[in-house]
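Chains A and B, in that order, are what the protein sequence lines are. Per our numbering, the first sequence starts with residue 1, numbered consecutively. Per our numbering, the second sequence starts with residue 1, numbered consecutively.
Among these hints, one or two may not hold up.
What the hints assert, rightly or not - Going by beta-carbon spacing under 10 angstroms, a handful of chain B positions derived as facing chain A:
1) Ile16
2) Gly17
3) Glu18
4) Ser27
5) Leu32
6) Leu39
7) Gly43
8) Glu51
9) Arg53
10) Gly54
11) Met59
12) Leu77
13) Leu83
14) Ile90
15) Tyr108
16) Leu120
To be verified - Taking lysine-lysine pairs in the DSSO-like style, the calculated list, with each CA pair at most 30 angstroms apart, reads:
17) A:Lys41 / B:Lys61
18) A:Lys196 / A:Lys255
19) B:Lys104 / A:Lys137
20) B:Lys104 / A:Lys196
FYI, nobody ran anything at the bench for these hints, they're computed from the structure. Please read these numbers as outputs of a predicted model, since none were measured by experiment. Here a beta-carbon is modelled for each residue, glycine too, at the ideal position from N, C-alpha and C.
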Amino acid sequence: MTILVFSAILFIGALAAGLLGSLTGLGGGVVLIPLLTLVFKVDIHYAIGTSLISVIATSSGAAAAYVKEGITNIRLGMFLELATTAGAIGGAFLAAYLPTSVIAILFGIILVLSAGLSFARPADPVTTGNPGVLSQKLRLNSSFPTPDGEKRYFVKNVVGGFFMMNIAGMISGLLGIGSGALKVIAMDNIMRIPFKVSTTTSNFMIGVTAAASVGIYLHRGYIDPGLSMPVMLGVLGGAFLGSRMLTRTKTASLKILFAVVILVLAMEMIYNGLNHTI
Amino acid sequence: MAIHKKFRDTDLERVIGELLRYGVLTSSLVVLAGGITYLIRHGGQLPQYHEFRGEPDKMKKPILMWQAVRRGEGRPLIQLGLLILVATPIARVAFSFVGYLLEKDYLYAVLTVIVLLVILLNF
Chain A
1 MTILVFSAIL
11 FIGALAAGLL
21 GSLTGLGGGV
31 VLIPLLTLVF
41 KVDIHYAIGT
51 SLISVIATSS
61 GAAAAYVKEG
71 ITNIRLGMFL
81 ELATTAGAIG
91 GAFLAAYLPT
101 SVIAILFGII
111 LVLSAGLSFA
121 RPADPVTTGN
131 PGVLSQKLRL
141 NSSFPTPDGE
151 KRYFVKNVVG
161 GFFMMNIAGM
171 ISGLLGIGSG
181 ALKVIAMDNI
191 MRIPFKVSTT
201 TSNFMIGVTA
211 AASVGIYLHR
221 GYIDPGLSMP
231 VMLGVLGGAF
241 LGSRMLTRTK
251 TASLKILFAV
261 VILVLAMEMI
271 YNGLNHTI
Chain B
1 MAIHKKFRDT
11 DLERVIGELL
21 RYGVLTSSLV
31 VLAGGITYLI
41 RHGGQLPQYH
51 EFRGEPDKMK
61 KPILMWQAVR
71 RGEGRPLIQL
81 GLLILVATPI
91 ARVAFSFVGY
101 LLEKDYLYAV
111 LTVIVLLVIL
121 LNF
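Turn these sequences into a full structure, and let the hints guide you.
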């Protein structure tokens, strides 16, 4: 297989990952690393670097649209980025010292978690009662546009959410993924903000979180242009197509299908990790 | 006062949205140009990613990247495009800092500077 053929296949794979990721809301990054390591036999360090790049691309591309709609809570995002960037740097340092088999197993576990969580019903947002001292001081309480006009919401449990975000950032820096699933737990279930706000704000933070660890990856030589080029362009193209199709396709069955794919990939990653073949 | 504040916040949102859009677009075009050059020069060779070897300095340091780009190499041009991509969310943080200063929201201006420092010091 020549570089030309390799790049073309990789591009198509990344296109599919980006399309499915955006249609199901699970993100394309979760299937990229198994695709690169299991199918193309790429070393996991290169795979992590490549995935991180694609995560920044899709996050920035999607955030551009959401921010303009006024759903994203930018203040909350900025505040929580303190936690995620610090975590991401810790995670990126760790990536150099952990054996690749451990990284693969950890990756598999996070994959299972992400797939499962995508079916969980988000907790009800808090819209009445006491807004909370810390969230008021930090001016995190906000409102977002709905078909019935602006809707107010309160941000609860700021400290708990901040701590969870720190872990999400660390996982992101260690595994080269956006860890959107963990970010959404922190915001939906701990801070109790509306689902639409948490997903867009999580997406908004992913780019900055990934940018924090990318410098470390670059210096270590994890980021290879030959791999990143087809993957970045493919994932971006797929995500763009997905955002165009989103209004017209039924996503429920697609989501189940994608979750099954993720589950199989996760098992394969864990299996290879346990056998030290990755 | 409240209305004035809201106006400033949405203004910042608009600028950030545009910045992200153009950043991604620019970097994609640079990566595409580098990719075409790379495939023309090396498309017939065999890929070797099975073993981790790291990258040479010209794929890590912007100045060396630029020098290699001027020699007509494709891979460093892709890498340069990736740097533009990474710079986009970082520039977004820098813009937010200016925005919060204009809003006289000093608490958030300080938080933003800390995030910016955490990122830049590790680059």
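Consistency of the hints with the structure:
For B:Ile16, the suggested interface contact is upheld, since its CB lies about 5 angstroms from the closest CB of chain A, less than 10 angstroms. Below 10 angstroms, beta-carbon pairs count as interface contacts, and B:Gly17 has one with chain A at about 4 angstroms; its hint therefore holds. Taking 10 angstroms as the C-beta cut-off, the interface hint given for B:Glu18 holds, the closest approach to chain A being about 8 angstroms. For B:Ser27, the shortest C-beta to C-beta distance to chain A is roughly 8 angstroms, which falls under 10 angstroms, so the interface hint holds.
Among the interface hints, the one on B:Leu32 holds; its C-beta lies about 6 angstroms from the nearest C-beta in chain A, closer than the 10 angstroms criterion. For B:Leu39, the shortest C-beta to C-beta distance to chain A is roughly 6 angstroms, which falls under 10 angstroms, so the interface hint holds. Annotation: B:Gly43 was flagged as interfacial toward chain A, and the flag holds, the nearest CB pair being 4 angstroms apart, inside 10 angstroms. The interface hint given for B:Glu51 holds, since its Cβ lies 6 angstroms from the closest Cβ of chain A, which is under the 10 angstroms cut-off.
Contact between B:Arg53 and chain A, as hinted, is supported at the beta carbon level, the nearest pair being about 8 angstroms apart and thus within 10 angstroms. Because the closest C-beta pair between B:Gly54 and chain A is about 3 angstroms apart, less than 10 angstroms, the hint holds. For B:Met59, the shortest C-beta to C-beta distance to chain A is roughly 6 angstroms, which falls under 10 angstroms, so the interface hint holds. For B:Leu77, the interface hint holds, the least distance from its beta-carbon to any beta-carbon of chain A being 8 angstroms, beneath 10 angstroms.
Taking 10 angstroms as the C-beta cut-off, the interface hint given for B:Leu83 holds, the closest approach to chain A being about 8 angstroms. Residue-level restraint check for B:Ile90 holds (minimum Cβ-Cβ distance to chain A is 5 angstroms; threshold 10 angstroms). For B:Tyr108, the suggested interface contact is upheld, since its CB lies about 6 angstroms from the closest CB of chain A, less than 10 angstroms. Taking 10 angstroms as the C-beta cut-off, the interface hint given for B:Leu120 holds, the closest approach to chain A being about 8 angstroms.
About 28 angstroms separates the Cα atoms of A:Lys41 and B:Lys61, which keeps this hinted pair within 30 angstroms; it holds. About 18 angstroms separates the Cα atoms of A:Lys196 and A:Lys255, which keeps this hinted pair within 30 angstroms; it holds. A C-alpha spacing of about 15 angstroms is found between B:Lys104 and A:Lys137, which places the hinted pair at or below 30 angstroms, so the restraint holds. Restraint check for B:Lys104 and A:Lys196: the C-alpha separation of about 29 angstroms stays at or below 30 angstroms, so the hint holds.
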